[in-house]
Amino acid sequence: MRFRRLILTFIIIVPLLTLLAYGFFRDPRYIPSPIVGRPAPQFTLTLFNGEKLNLADLRGKVVFVNFWASWCPPCLAEAKELEGTWRELKDRDVVFVGVQIQDTEKNGRAFVDEFKITYPNGFDATSKIAIDYGVWGIPESFFIDPDGRITYKHVGGLGPTIVAAKIGEAKQKIVSAKEGKGEYQPIR
Amino acid sequence: MQTVNFKLQNHRTTGNFNFCIFHFSLCNATTTLVLLLSLWALSAIAAAAQPDLEEQTRAIAAELRCPVCQNLSVADSPSELAQQMRALVQEQLQEGKSPEEIKKFFVSKYGDWVLLAPPKKGFSLLLWVLPYTAAFLGLVFVVFVTRRWVRRKQEVTPAAAAGTPEPGQSQRDFLLGEQARLDTELKEIEFDFQAGKLSEGDYDGLRRNLEAQAAAVGKRLDATPVFPPRSATARAPEKKDSAAGARPNKRWQLAAGGLFLLLFGLTLGVLLTKSLRPRASQDSITGDFLTGTPSGGGADALLAQGRAAFEQGNWSQAIETFKKVLASDPNQPEAHAYMGLILAQAGHLDGALTAFDRALAAAPNLSMALWGKGMVLYQTGGDPAEARRLLQKVSGLMPPGPEKEEVDKTIAQIAQGGNVKTPTAKPAPPSAQSAPAAGEKIEGVVDLDPKLKSKIDGQAVLFIIARSTSGAGGPPLAVKRIASPKFPVAYSLSAQDVMMQGTPFSGKVFLSARLDKDGNPTTKEPGNLAGDYKKNPVDVGSKKIDIVLEAAR
Amino acid sequence: MTAAIGHTSVLLALLLALCGMVAPIVGHRTGKAVFFAGTRAAILGQFILVTVAALALIYGLVTTDFSIQYVANNTTRATPIYYRVTGLWGALEGSLMLWEWILIIFSGLVAWTYKDRHRELMPWVLMIFSIVSAFFLGVLAFASNPFATVFPVPLDGRGLNPLLEDANMMSHPPLLYTGFVGLTVPYAFAMAALIVGKLDEAWIVTTRRWTITAWFFLTMGNLVGAYWSYHVLGWGGYWAWDPVENAAFMPWLPATAFLHSVQVQERRRMLKVWNLSLIVVAFSLTIFGTFLTRSGVLSSIHAFSNGPVGTIFLAFLAVILLASFGLLAYRADLLKGQPQLDSMVSRESAFLLNNVLLVSALFTIFLGTIFPLLSEAIAGTPVSVGAPYFNSAIVPLFLALVFLMAIGPMIAWRRASWDNVKRNFLWPAVASLIAASVVFAGWVRDFLPLLGVTLCAFVAASILFDTALAARARRRLAGEGIFRALRTLASRNQRRYGGLVIHLGIVLIALGIGGSMSYSIERQATLGRGETLTVGNYHIRFEGLRTIEQPTHYRVEGAFQVSHGARTIGMLSPALKFFPNQQAPVGRAVHRSTFSEDLYLILSGFSELEKNRATLKVLVRPLVVWIWLGGAVIALGTLVAIWPMKRKNGKLTDES
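Residue numbers (my numbering), protein chains in the order written: chain A, 1 to 188; chain B, 1 to 553; chain C, 1 to 656.
Don't read these hints as lab results, they were simulated from the structure. Computed from a predicted model, the values in this text were never measured in an experiment. One or more hints might be untrue.
[As the list claims (entries may be wrong)] Listing some non-contacts, in silico: residues in chain B with all C-beta distances to chain C over 10 Å:
(1) ARG58
(2) GLU91
(3) GLY122
(4) LYS197
(5) GLY218
(6) LEU221
(7) ASN331
(8) GLU550
[Claimed, not checked] Heads up, simulated DSS-like pairs for lysine-lysine below, C-alpha to C-alpha not over 30 Å straight-line:
(9) LYS181(A) - LYS534(B)
(10) LYS128(A) - LYS104(B)
(11) LYS543(B) - LYS178(A)
(12) LYS219(B) - LYS336(C)
(13) LYS116(A) - LYS104(B)
(14) LYS543(B) - LYS116(A)
(15) LYS116(A) - LYS508(B)
(16) LYS106(A) - LYS409(B)
(17) LYS393(B) - LYS178(A)
(18) LYS109(B) - LYS128(A)
(19) LYS32(C) - LYS187(B)
(20) LYS181(A) - LYS104(B)
(21) LYS480(B) - LYS61(A)
(22) LYS480(B) - LYS181(A)
(23) LYS508(B) - LYS106(A)
(24) LYS109(B) - LYS178(A)
(25) LYS178(A) - LYS104(B)
(26) LYS52(A) - LYS109(B)
(27) LYS121(B) - LYS128(A)
(28) LYS104(B) - LYS80(A)
(29) LYS115(C) - LYS153(B)
(30) LYS128(A) - LYS97(B)
(31) LYS106(A) - LYS544(B)
(32) LYS181(A) - LYS103(B)
(33) LYS106(A) - LYS535(B)
(34) LYS104(B) - LYS52(A)
(35) LYS409(B) - LYS80(A)
(36) LYS508(B) - LYS171(A)
(37) LYS187(B) - LYS115(C)
(38) LYS173(A) - LYS104(B)
(39) LYS103(B) - LYS178(A)
(40) LYS535(B) - LYS52(A)
Virtual Cβ for every residue (Gly too), placed ideally from N, Cα, C.
Build the full structure now, drawing on both the sequences and the hints.
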């Protein structure tokens, strides 16, 4: 009888403790995205040079969308490499689009000038595009395949290897099983 | 029903008055209940005014979770994203979407996580159902168990109801306790009767029961001897005995024990204090004592001296002292690191690199050496990849804070191949050269009016303030704080120093400087010095903006 | 030097704690009395050493000894002295030091108070204290050392988190920690009783005052925390159902349940296992709360740093739960009484119902707090559980509890006579009906608030009616005048009348919460100078922005002229504070409180100062003041309940 009660106590307490220990292995502020593998939300972005960019027009190409801001250190860290990767891949049916959020347009232009970025960039003043993509940290990057589906999302800074690899996967329309994580910080 | 009738009869025997009260109570209780229920029903029907747009937005926003804050709703959160989400909600309401559609929209973007109350389906249904189930089950359980307990009571006679002593309690103590308890209860039910909680019939019944129990207890008490036999169920009698017998001995034993403990503690404390030293690097805090690495006894004092000299900018003294340290311990890593820093400062970069390498050979994780070597490699442009690696290592060793941020910024700049940034925090003095990017900084030198040189104080703090307007309206645009300045002080004010993050550091600013004795810029003590730049306003990006502290105010 | 003294003291105290842990066991084995006395000496020694360590840390903070890492992280030269002292509990290491200090003070008090009583229990009680103390000292010595030194010594510190620079910071953590630590006392006695096997009620009677005191501090700690949130954080709310807030509230529920059901145990010698479980659960929840705050397992605005400390606390929690419940299960056969009840309608059953409701509330809050973890572990989807869920789940339970508060006093112990109950029910019910009608006619038309008001009025009326009847009985028995009667009643039935006053306090809090939750108005607008915003009956005119310099920050204040109807109230100036080390400014809202409602102004933002435009958020929250008044009434009630009363025969007793 005593033994049975002891067993009962164990059965109730140990799973609870295991659950709490499990908590150490996850980041409570990380928001997994429900749109990976789904069609990418459409948007129209007014670029810094005044043109308008429509995502719908880019069907048939692999699109790399990067959300950034000028005050975020990981964005600063990845900017040069992204530009480098863009110059390499420019002519291969790939489009890079940069969306600036939670900032001022002036800072955005300064940023683009500083890093001599040549791929299209624009300022999303109301963060509508960001909310459409479920952005919660910066930088965040999305890879969209030629059919318009999101194949991969990466929260945090990216390096050229991952970019090249994921673009390759997007070309073959392979949807990644997991999201990627780099160094990021939450948006304001 | 049966119980009610019994009670009715009881009352009839005592008089019509009670019966009337009963009847009165029942009628009125029912009436009251009915009135209350109708009131509540009325309120439920009473239509609330149609909420306006702002209230509707707020209501929906209160159910959404802000993705960037900790547990705040979008309605309560002050963050920018929350404001933008609220604007989006309002827009969608104006388009005619229903609250459910709006919530579904956000769920499609952020997942179920964005709802502050989980949806009532799937696994989350458990959350909605379990609490009420638990409460209901608890209620049922209590009713069931109470009924069993009542039935058990009815089957037991007053004498047997007295019970048995607890394990560990003597019979006599138990009976005394019971007597006290019954006594209290008798007084209580009398009070309850007087206060109108018990009917006379119930009171009589309970009183008789309790008195019978008390009588039984009294009888048993008379039967038990006053001094119970030693073989009682108490568990710790031997200790009591030995405690009683050993009492005279106990005291001096205690004293001896206490004294021994005190001496032991003191010795331990002294030993520990001697061997613990401030953690200078990743090596053990007990340093030599427990790990056995030899230490020069006087080297620590010399090192401290050298450090002090270094902090004060007394380079020659510092070099002397560190050389002495190295004489007794040629591999002392800290001394090498400091030498490296001093050499780098003076421009002897090769010598500095050698010194850092020596330091790192002895202590591969010495942050000062790592930082120093990284910065030198970066500035000479010799090996930016290595520089970056070293700086990243340092950054990993540092606690979060402004120093770490400085290092991280430098790393970022290396990544983009940018300019050298002069650091302002410990552990090294600012290096001389800098190539400012256009439009980013203001640089210059702050000096003291020669007449006032004597008035400064070791604890003084120098504030260099840039305002966007000439008056004192508003917080300044940027402030730089330099503690214990050695005049003339070179400064550099940039976007890093703005008060409110995100404010652009550009355009025209008004420069001024203030030396405050106690580091508190608002208190006015005699001896606080201040000065303005003569040719305000200046453009951001200007150099040689020299300020002289000449007024005491 | 200071760091060395502090650290050494902690290490020595740890050593003593380990001795204190071992001594009773050795004493039990060898039978020598000196070991039992040694336990007491260990506690007293720890008390001295920990006090030295705590004072050393305070000294370091006050003299801004930046060679200590903790001081460098939590003060600057410019910080005023009182905030330097509160820096003691401003971050992880210091807060653990505070906890340990309060723990050892309690242990010392217990050791000193009972040096001649409970001879068999005391060594084991002190052993339990030593175990808990050894744990905290171990963490302080090795895992999160407040005396860690930093080199090179920074010239200035980083300063206290600006949100913590407030007067409430000086009282909230110490009050709350005292409540948590106070629960260790009944826990230690319970465990000691289980270990020794001496399971009568003596220890419960003795620790009654300690438990009520701990409960009191827990209540006050939570209320001050709510006030702080309301007053300082500037979002206009006082309770966010944040995981750490829940963790601070959860021990309160089993503690309250215990205070009620223990009366059943004293009278009927029933519910022993249940009461012991309640104490163990309450104590475990305090450790669980500390774990949540310091582990980063759940996202919370209160969370301290991560690191190994979280794992260590989880390990300790595991040990406590397994050891306590294991011991309880092991000894449970000794605890089986012969429970009997006279009637299904009695105060005992009312208390059982009370316990069911409180424990259900505990279960609900606990489930809601860990549900995100559960959902992610089992179902793989992350969910959030926030205010909307908790409000909807808890409110019915609390309303039921309020109802129970009303009918509880009406029901007698052992057996309640139905007619008397009905009669006692009637007048308060009528009073509550009248109150409800008045309120309905005047302001409140929605169901739930109206129900809440009715129940609160019911409770108040029931308490007054009950007291009136008792006073009348007193007069009949002893011919005393009304005030004399009340005094005698209170002094002879301290716990009962203290409890009734506390219930009144709870009713006030319930009214305050109900009013502010149901009828708050919120408006936001951007105003230029001279423009007015109208909210309800208030007109708020923006007069302009101005700036002020303070020792540690700059403030931008918005001046607003407020008038209510036709009457001018005055200027209110919410502000935004800019700290040099912080990215974003910290808001400082202002509120004007009256008995009927609070006007709450938040400065959300402003344009460049020349343009003089400000974004203002206004909240009108009814009845908020009653929450704080309720807290004061609870304090009064607790005093009544535990005030030591001398009796004629010299013994300290009270009857109910």
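Tested hints:
Some Cβ of chain C comes within 10 Å of the Cβ of ARG58(B); the nearest lies about 6 Å off, and the non-interface call is violated. Against chain C, the non-interface label of GLU91(B) holds: every CB pair exceeds 10 Å, the least being about 16 Å. GLY122(B), annotated as away from the interface, has a beta carbon of chain C within 10 Å; the closest lies near 7 Å. Not every beta carbon of chain C lies more than 10 Å from that of LYS197(B), the smallest distance being close to 4 Å; the non-interface claim is violated.
With a cut of 10 Å on Cβ distances, GLY218(B) stays outside the contact zone with chain C, its closest approach being about 19 Å. At roughly 17 Å from the closest C-beta of chain C, the C-beta of LEU221(B) stays outside 10 Å, upholding its exclusion from the interface. Under the 10 Å C-beta cut-off, the non-interface status given to ASN331(B) relative to chain C holds; the minimum distance is some 19 Å. Against chain C, the non-interface label of GLU550(B) holds: every CB pair exceeds 10 Å, the least being about 22 Å.
Of the pairs offered as hints, the one joining LYS181(A) and LYS534(B) is violated, with about 51 Å between alpha carbons and a cut-off of 30 Å exceeded. For a cut-off of 30 Å, the pair hint linking LYS128(A) to LYS104(B) stands: about 16 Å separates their Cα positions. This hinted pair does not check out: LYS543(B) and LYS178(A) have alpha carbons roughly 51 Å apart, beyond 30 Å. Of the supplied pair hints, the one linking LYS219(B) and LYS336(C) holds, its CA atoms being roughly 26 Å apart against a limit of 30 Å.
A hinted pair counts as satisfied when its Cα atoms are at most 30 Å apart, and LYS116(A) with LYS104(B) does not qualify at roughly 40 Å. Distance restraint check for LYS543(B) and LYS116(A): the Cα-Cα separation of roughly 26 Å lies within the 30 Å cut-off, and the hinted pair is therefore satisfied. As the CA atoms of LYS116(A) and LYS508(B) are separated by approximately 26 Å, the hinted pair is consistent with the 30 Å bound. Taken as a hint, the LYS106(A) and LYS409(B) pair is honoured in the structure, with Cα atoms around 21 Å apart against an allowance of 30 Å.
A threshold of 30 Å between alpha carbons decides the hint, and for LYS393(B) with LYS178(A) the separation of about 29 Å falls inside it, so the pair holds. Distance hint between LYS109(B) and LYS128(A) is fulfilled; the C-alpha atoms sit about 11 Å from each other, no more than 30 Å. With a CA separation close to 45 Å, the supplied pair LYS32(C) and LYS187(B) exceeds the 30 Å bound. Our distance criterion of 30 Å between C-alpha atoms is met by LYS181(A) and LYS104(B), whose separation comes to about 26 Å.
Of the supplied pair hints, the one linking LYS480(B) and LYS61(A) is violated, its CA atoms being roughly 49 Å apart against a limit of 30 Å. For the suggested pair LYS480(B) and LYS181(A), the alpha carbons sit about 35 Å apart, so the restraint of at most 30 Å is broken. Proximity of LYS508(B) to LYS106(A) is assessed by CA-CA distance (about 16 Å); at most 30 Å being required, the pair is judged to hold. Pair hint LYS109(B) plus LYS178(A) holds up; C-alpha atoms about 17 Å apart against a cutoff of 30 Å.
Only pairs whose Cα atoms come within 30 Å are accepted, and LYS178(A) paired with LYS104(B) is accepted, the gap being roughly 24 Å. Distance hint between LYS52(A) and LYS109(B) is fulfilled; the C-alpha atoms sit about 24 Å from each other, no more than 30 Å. At most 30 Å may separate the alpha-carbon atoms for a hinted pair to count; LYS121(B) and LYS128(A) meet this at roughly 29 Å. Among the hinted pairs, LYS104(B) with LYS80(A) is inconsistent with the structure: their alpha-carbon atoms are about 38 Å apart, more than 30 Å.
As the CA atoms of LYS115(C) and LYS153(B) are separated by approximately 40 Å, the hinted pair breaks the 30 Å bound. The hinted pair formed by LYS128(A) and LYS97(B) meets the criterion: a straight-line CA distance of about 17 Å does not exceed 30 Å. Only pairs whose Cα atoms come within 30 Å are accepted, and LYS106(A) paired with LYS544(B) is accepted, the gap being roughly 27 Å. Between LYS181(A) and LYS103(B) the alpha-carbon distance is near 27 Å, which keeps this suggested pair within the 30 Å criterion.
The hinted pair formed by LYS106(A) and LYS535(B) meets the criterion: a straight-line CA distance of about 28 Å does not exceed 30 Å. In summary, the hint linking LYS104(B) to LYS52(A) is supported, as the alpha carbons are separated by about 29 Å, within the 30 Å threshold. A threshold of 30 Å between alpha carbons decides the hint, and for LYS409(B) with LYS80(A) the separation of about 15 Å falls inside it, so the pair holds. Taken as a hint, the LYS508(B) and LYS171(A) pair is broken in the structure, with Cα atoms around 50 Å apart against an allowance of 30 Å.
Distance restraint check for LYS187(B) and LYS115(C): the Cα-Cα separation of roughly 33 Å exceeds the 30 Å cut-off, and the hinted pair is therefore not satisfied. Between LYS173(A) and LYS104(B), the direct Cα distance comes to roughly 28 Å. Compliance with the 30 Å bound is thereby established for this hinted pair. Distance hint between LYS103(B) and LYS178(A) is fulfilled; the C-alpha atoms sit about 26 Å from each other, no more than 30 Å. Our distance criterion of 30 Å between C-alpha atoms is broken by LYS535(B) and LYS52(A), whose separation comes to about 45 Å.
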